[in-house]
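Now for the letters of each chain:
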Amino acid sequence: MKSLLQQPGLFSRTILWLVFLFLLGPFVIVFLAGFSAGETLAFPPTAYSLRWILEVVAAEEFQQAFLTSLQIGLLATVIALLLGVPVAYAMSRMPPPGMGAIKQILTSPLIIPAMLVGLGLLRHFVLLVDAPVFLGLLIGHIGLLTPYAVRVVYASLINLRVDIEEAAITLGASRAQTFRLIVLPNIRSAVIAAFFLAFVTSFNQVPVSLFLTGPGISTLPIEMLGHMENSFDPSIAALSTLLVLFTMAFVLVTEKVLGISKYM
Amino acid sequence: MSYLKLQQLAIGYGNSKTAVDQLDLDVAQGELISLLGPSGCGKTTTMRAIAGLIDLRAGSITLDGRDIGRLPPNKRNIGMVFQSYALFPHLNVFDNIAFGLRLRKVDNNNLRKRVEKVIAAVGLSGFEARLPAQMSGGQQQRVALARAIVIEPKLLLLDEPLSNLDAKLRVQMRAELRRIQRELGITMLYVTHDQEEALALSDRIVVMHGGKIEQLDTPEQLFSAPRTRFVANFMGYENLFDYQEGHLLGNGQRLPFVVTAPGQFACAGWRPEQVKVGDGQYYGTVRSRGFLGDSVEYVLCTPIGDIKGVAPASAASWREGDSVKFSLPAASVLLLPA
Chain E
1 MKSLLQQPGL FSRTILWLVF LFLLGPFVIV FLAGFSAGET LAFPPTAYSL
51 RWILEVVAAE EFQQAFLTSL QIGLLATVIA LLLGVPVAYA MSRMPPPGMG
101 AIKQILTSPL IIPAMLVGLG LLRHFVLLVD APVFLGLLIG HIGLLTPYAV
151 RVVYASLINL RVDIEEAAIT LGASRAQTFR LIVLPNIRSA VIAAFFLAFV
201 TSFNQVPVSL FLTGPGISTL PIEMLGHMEN SFDPSIAALS TLLVLFTMAF
251 VLVTEKVLGI SKYM
Chain U
1001 MSYLKLQQLA IGYGNSKTAV DQLDLDVAQG ELISLLGPSG CGKTTTMRAI
1051 AGLIDLRAGS ITLDGRDIGR LPPNKRNIGM VFQSYALFPH LNVFDNIAFG
1101 LRLRKVDNNN LRKRVEKVIA AVGLSGFEAR LPAQMSGGQQ QRVALARAIV
1151 IEPKLLLLDE PLSNLDAKLR VQMRAELRRI QRELGITMLY VTHDQEEALA
1201 LSDRIVVMHG GKIEQLDTPE QLFSAPRTRF VANFMGYENL FDYQEGHLLG
1251 NGQRLPFVVT APGQFACAGW RPEQVKVGDG QYYGTVRSRG FLGDSVEYVL
1301 CTPIGDIKGV APASAASWRE GDSVKFSLPA ASVLLLPA
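Those protein sequence lines, which keep their order, are chains E and U. Sequence positions in the first sequence follow the working numbering and run 1 to 264. Sequence positions in the second sequence follow the working numbering and run 1001 to 1338.
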C-alpha cells in the first residue's frame, strides 16, 4: 500500500490549500470579528450581530472619508487615463529613441516604495507651495495611477495591428477619426480594465495618502488607521469587511465582464 | 495621356538611404500594372508612397491630372488592399465596407445600395453580419477588396493581396480580381513577388530591383525577352553565363559556344527546359536529379559551373555521379548586351 504522500498530486494539493488558508485565513477572522456583538475586538466573538456594521455605516467621519476616497479615486483615475492613454498610444505607434528608459521611468512608481512618493510630494510640493490638501492628495494619486493606465493600455495597443489604422486613413479618415472610430473601440476593454484597476488601487491606497491627508480631509483607509490607534472596538473589522466585499465585487465584476487578468 | 504619372520619385525611411530613387512610371486609365520584385526591391515602398503613407523625398505623383504627391493620405481617394487584409475587427462585414462611405457622409439609402452592390460583386451576399474573425482568409480578402472599391477610388493599390491564401484559392482569386478589374474599369497597381501571378494578371509589369525599375514590359515581352540579367534570372533563365569571343565563362574556365547573331553580347542564358540532357556536344556530371512527372530535372556539374537541364522521364536513367552529355541549343539562347 502506498503511503499518503505518494498519492499523485496530494503534496501539491496540500500546499495549495495551505496557501489558500494563509491568504484567506486572516480575512475570515476579520470577517467574523466584524459581526461581533461585543464591546472589544475579539476572536472568536462571543455573540454575533449587525451592531458594528450598522454603526460604521452611520458614523459621520467614515461617511466623510468614504466620500473623499470616492472623489479622489474617480477623479485621479479619470485624469490618469486621460494622460495615460495618449502616452501609451505614442509609445506604441511612434516609439521615441530611448524607449527602454521611458518604459522604466513609467513603471518606476510600481517599484519605488509609495511612501517615498508621498513623502517627496509632501516636502517638495504641498509644503513648498502650500497646496490645498485635496489637490495634493489628488496629484499624489494621479502620479501613482498613471503608470497602471499606461501599462494596461499599452499592452493592448501593441497587440492591435497598425495596418487597420492605415486602412482607415486610406479610406478617408483623419488621424483623430481613426483614433476614435478604429483604435478606441478595439482597446475599449483595456481602458475599462485600467479604470477599475486604477480605482481600486487608489481606493485602498495608504502610504501616499498617509503623508498627504490633512486637517478635515482624510481618505477611508487613513481614517481607519487613525480610528484604530484610539480605540479597540470591532468597528474597524466591520468596516474592513464592508470594504473587502466592495473591492471584491468590483474586481469580480470586472474580471467576469472584461477579463482584466490578461492585461496584468 | 497618362492617368497616373510618377516622376523622379525618391523615397526613404527616416534617415536611412533612399529605398526608391529616380523612379518614373506612366500608367494608362483602366490598366493593371504589377510591381514585381524580390523583398526589399522598393515595390511596397513605392506603393505606400502613392497612397501617402510615406512622404516623398523628391519627385511628383500626378493622378488624373492632379498633383497628389503632397496631399495627406486621407484626401487622395486611393483604395488600398493590404497583405493582411487589415479589416476592422470590431465591425461586421457591412460596416467594414461602409466605413469609407460613412466618412464621405453618403446618405443611408444610397450607402445601403452601394454596399450591397459590391458585396454581391465579390460574392459575399448573406455574410453582411459576420465579423472578420468568423470568416476564412479568402472571404476576408473579398471584404478587403470590397471595402477598397466601394469608395470608387481613382486608383486601387493591392499589396501582395493573395500571398496569404493557399495555392488553389490564389489562382481562383486571381481570375476574380481580373474580372472585377475589367468590369469596373478600375486602374490597379498590384505589388507582388510572385512572377507567375504577375504574368497571369497584368497588362504590363514593372520589374524592380534595388529601388529602381529594371524593365517595364508586357508579360509576353518580359517572359521571352528580358533585357537584364536580373530580369532574366527572375523570369526563369537559371543558366546565365558571361560570354566572350566564342566562349561561355565561369569559375575561371571557358566552354566553347559560338554566337551567330549579329551584335555585341556579354551574357548568354537558357531556361532549364531549354537545356537537353542526354545528347549534345558538352559533358557534365550529375550533381542531383528531381522527378517532375513527364521529365526529370538535372543539375549538372560542369567546368564553368552548375547547369540545370531536363530529360524526358523515359530516357532519364542517369544517377548522381554519372557523366552525361548535354546540349545548349543556339536556337533558344537568350543573349544580353551586358
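I should point out that these hints are in silico values taken from the structure, not numbers from a laboratory. All figures in this text were calculated on a predicted structure; none of them were measured in a lab. The beta carbon of each residue, even a glycine, is placed where N, CA and C say it ideally should be. Any given hint could be a false lead.
Residues from chain E that face chain U, not an exhaustive set, calculated with beta carbons under 10 Å [as the list claims (entries may be wrong)]:
{"#": "1", "residue": "A155"}
{"#": "2", "residue": "I158"}
{"#": "3", "residue": "L160"}
{"#": "4", "residue": "R161"}
{"#": "5", "residue": "D163"}
{"#": "6", "residue": "E165"}
{"#": "7", "residue": "T170"}
{"#": "8", "residue": "L171"}
{"#": "9", "residue": "S174"}
{"#": "10", "residue": "R175"}
{"#": "11", "residue": "Q177"}
{"#": "12", "residue": "T178"}
{"#": "13", "residue": "L181"}
{"#": "14", "residue": "I182"}
Anything over 12 Å on all C-beta distances counts as not near chain E; from chain U, calculated [claimed, not checked]:
{"#": "15", "residue": "S1039"}
{"#": "16", "residue": "A1175"}
{"#": "17", "residue": "S1332"}
Each computed SDA-like pair below joins lysine to any residue, with the alpha-carbon atoms no more than 25 Å apart [what the hints assert, rightly or not]:
{"#": "18", "chain 1": "U", "residue 1": "K1308", "chain 2": "U", "residue 2": "G1246"}
{"#": "19", "chain 1": "U", "residue 1": "K1105", "chain 2": "E", "residue 2": "G172"}
{"#": "20", "chain 1": "U", "residue 1": "K1075", "chain 2": "U", "residue 2": "Q1195"}
{"#": "21", "chain 1": "U", "residue 1": "K1005", "chain 2": "E", "residue 2": "G172"}
{"#": "22", "chain 1": "U", "residue 1": "K1168", "chain 2": "U", "residue 2": "K1154"}
{"#": "23", "chain 1": "U", "residue 1": "K1154", "chain 2": "E", "residue 2": "L83"}
{"#": "24", "chain 1": "U", "residue 1": "K1105", "chain 2": "E", "residue 2": "E166"}
{"#": "25", "chain 1": "U", "residue 1": "K1105", "chain 2": "E", "residue 2": "L184"}
Results for each hint:
1. A155: For A155 (chain E), the interface hint is violated, since the closest Cβ of chain U sits about 17 Å away, which is over 10 Å.
2. I158: violated, 15 Å
3. L160: At about 9 Å, which falls below the 10 Å cut-off, the nearest Cβ of chain U leaves the hint on L160 (chain E) intact, so it holds.
4. R161: holds, 7 Å
5. D163: OK, holds: D163 (chain E) within 10 Å of chain U, min 4 Å.
6. E165: holds, 9 Å
7. T170: Holds - the Cβ of T170 (chain E) comes within 10 Å of chain U, reaching about 4 Å at its closest.
8. L171: Holds, because the Cβ-Cβ distance from L171 (chain E) to chain U comes to roughly 4 Å (cut-off 10 Å).
9. S174: Status holds, d = 6 Å.
10. R175: With a minimum Cβ separation of about 8 Å from chain U (threshold 10 Å), the hint on R175 (chain E) holds.
11. Q177: Hint on Q177 (chain E): holds, closest Cβ of chain U at ~7 Å, below 10 Å.
12. T178: It holds, given that the least Cβ distance between T178 (chain E) and chain U is near 8 Å, below 10 Å.
13. L181: This hint holds: L181 (chain E) lies near chain U, its Cβ roughly 8 Å from the closest one there, short of 10 Å.
14. I182: holds, 6 Å
15. S1039: Given a closest Cβ separation of 17 Å, the condition holds.
16. A1175: Per Cβ check, A1175 (chain U) is outside 12 Å of chain E; nearest 25 Å; holds.
17. S1332: Its Cβ never comes within 12 Å of chain E, the nearest being 44 Å, so this holds.
18. U:K1308 - U:G1246: Distance of about 21 Å is within 25 Å: holds.
19. U:K1105 - E:G172: holds, 11 Å
20. U:K1075 - U:Q1195: It is violated: about 33 Å lies between the C-alpha atoms, which goes past 25 Å.
21. U:K1005 - E:G172: At roughly 22 Å apart (the allowed maximum being 25 Å), G172 (chain E) and K1005 (chain U) satisfy the hint.
22. U:K1168 - U:K1154: Roughly 30 Å separates the two Cα atoms, so the pair is violated.
23. U:K1154 - E:L83: violated, 40 Å
24. U:K1105 - E:E166: holds, 20 Å
25. U:K1105 - E:L184: holds, 21 Å
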